[in-house]
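Undergrad: Let the hints inform the model, and build the full structure from the sequences given.
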Amino acid sequence: NAGVTQTPKFQVLKTGQSMTLQCAQDMNHNSMYWYRQDPGMGLRLIYYSASEGTTDKGEVPNGYNVSRLNKREFSLRLESAAPSQTSVYFCASRGLAGTGELFFGEGSRLTVL
Amino acid sequence: AQSVTQLGSHVSVSEGALVLLRCNYSSSVPPYLFWYVQYPNQGLQLLLKYTSAATLVKGINGFEAEFKKSETSFHLTKPSAHMSDAAEYFCAVSDGANDYKLSFGAGTTVTVRA
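In the order they appear, the protein sequences are chains A and B.
Anchor point for the first sequence: position 62 equals 62 in our numbering, and the numbering is continuous, going up by one each time.
Counting from 1 along the second sequence, just add 1000 to a position and that's the residue number in our numbering.
Simulated from the structure, these hints should not be mistaken for laboratory data.
Small disclaimer: the values here were computed from a predicted structure and weren't measured.
Check before you lean on any hint, since a few could be wrong.
Take a look, some chain A residues computed to stay more than 10 angstroms from chain B by CB distance [to be verified]:
#	residue
1	V12
2	G16
3	A24
4	N28
5	M41
6	Y48
7	E73
8	Q85
9	T99
Partner residues are not named here, just some residues of chain B that face chain A (Cβ under 10 angstroms, in silico) [as the list claims (entries may be wrong)]:
#	residue
10	V1004
11	S1009
12	S1028
13	Y1032
14	Q1042
15	F1090
16	A1092
17	F1104
Glycine is no exception: its CB is placed at the ideal position from the N, C-alpha and C atoms.
TA: What follows is the structure, encoded as structure tokens:
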């Protein structure tokens, strides 16, 4: 059982380049999430998708776009990368609102030069 | 809107000593609370969660946490630290049964001295 799979695991970009982080889950969860992790700031929610066909902004959505491609897949796109977007990005899924726990992927480390 | 505050960004304990990590929350409705652990270069995994049943919650690896509504706290403890407990720990809150979002604290890094 793979759980939540993210690709790529590492990426280096130049300022202004674009890229897409891919995420897939095989747990039949309705909700999916993208977080970024920066030292001393914990995890901050970028975007989430409560169910297939819906997406909503989190705390730090500027500079990002998302697509909920189907129930399994939720991608995060950086249209014009900036050094401030250097971070570790985590995708997660959740079976239930409220009491349900998040299941995380292993993370994608992005460096923008 | 819900939020959590973790007191202390770094905690250092001796092997065999008590581990105590502090978490205070704010929430407009009865919250659901979670503790996660992150080992180096890995994703987060659930240690335990409070979902309004028992106020003392037991988790994996000998950890437990107690929900105290009067103190708006959900502190994490382990009676005897092991070297393998060295990691970063995050407290998180969900604002009621219909809340899809989970808000995380800034994290506490635990180091264990031999």
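Undergrad: All hints are to be evaluated individually against the structure, with a verdict given for each.
TA: Structure-based check of all given hints:
1. V12: holds (17 angstroms)
2. G16: holds (28 angstroms)
3. A24: holds (14 angstroms)
4. N28: holds (16 angstroms)
5. M41: Its Cβ does come within 10 angstroms of chain B, the nearest being 6 angstroms, so this is violated.
6. Y48: Label violated. Min Cβ-Cβ 6 angstroms, cutoff 10 angstroms.
7. E73: The assertion about E73 of chain A holds, with a minimum of 18 angstroms to chain B.
8. Q85: Non-interface label on Q85 of chain A holds, nearest chain B Cβ at 19 angstroms vs cutoff 10 angstroms.
9. T99: violated (4 angstroms)
10. V1004: holds (9 angstroms)
11. S1009: holds (7 angstroms)
12. S1028: violated (14 angstroms)
13. Y1032: holds (5 angstroms)
14. Q1042: Cβ of Q1042 of chain B sits 6 angstroms from chain A, so the hint holds.
15. F1090: At about 6 angstroms, which falls below the 10 angstroms cut-off, the nearest Cβ of chain A leaves the hint on F1090 of chain B intact, so it holds.
16. A1092: holds (8 angstroms)
17. F1104: Since chain A brings a Cβ to about 4 angstroms from F1104 of chain B, closer than 10 angstroms, the hint holds.
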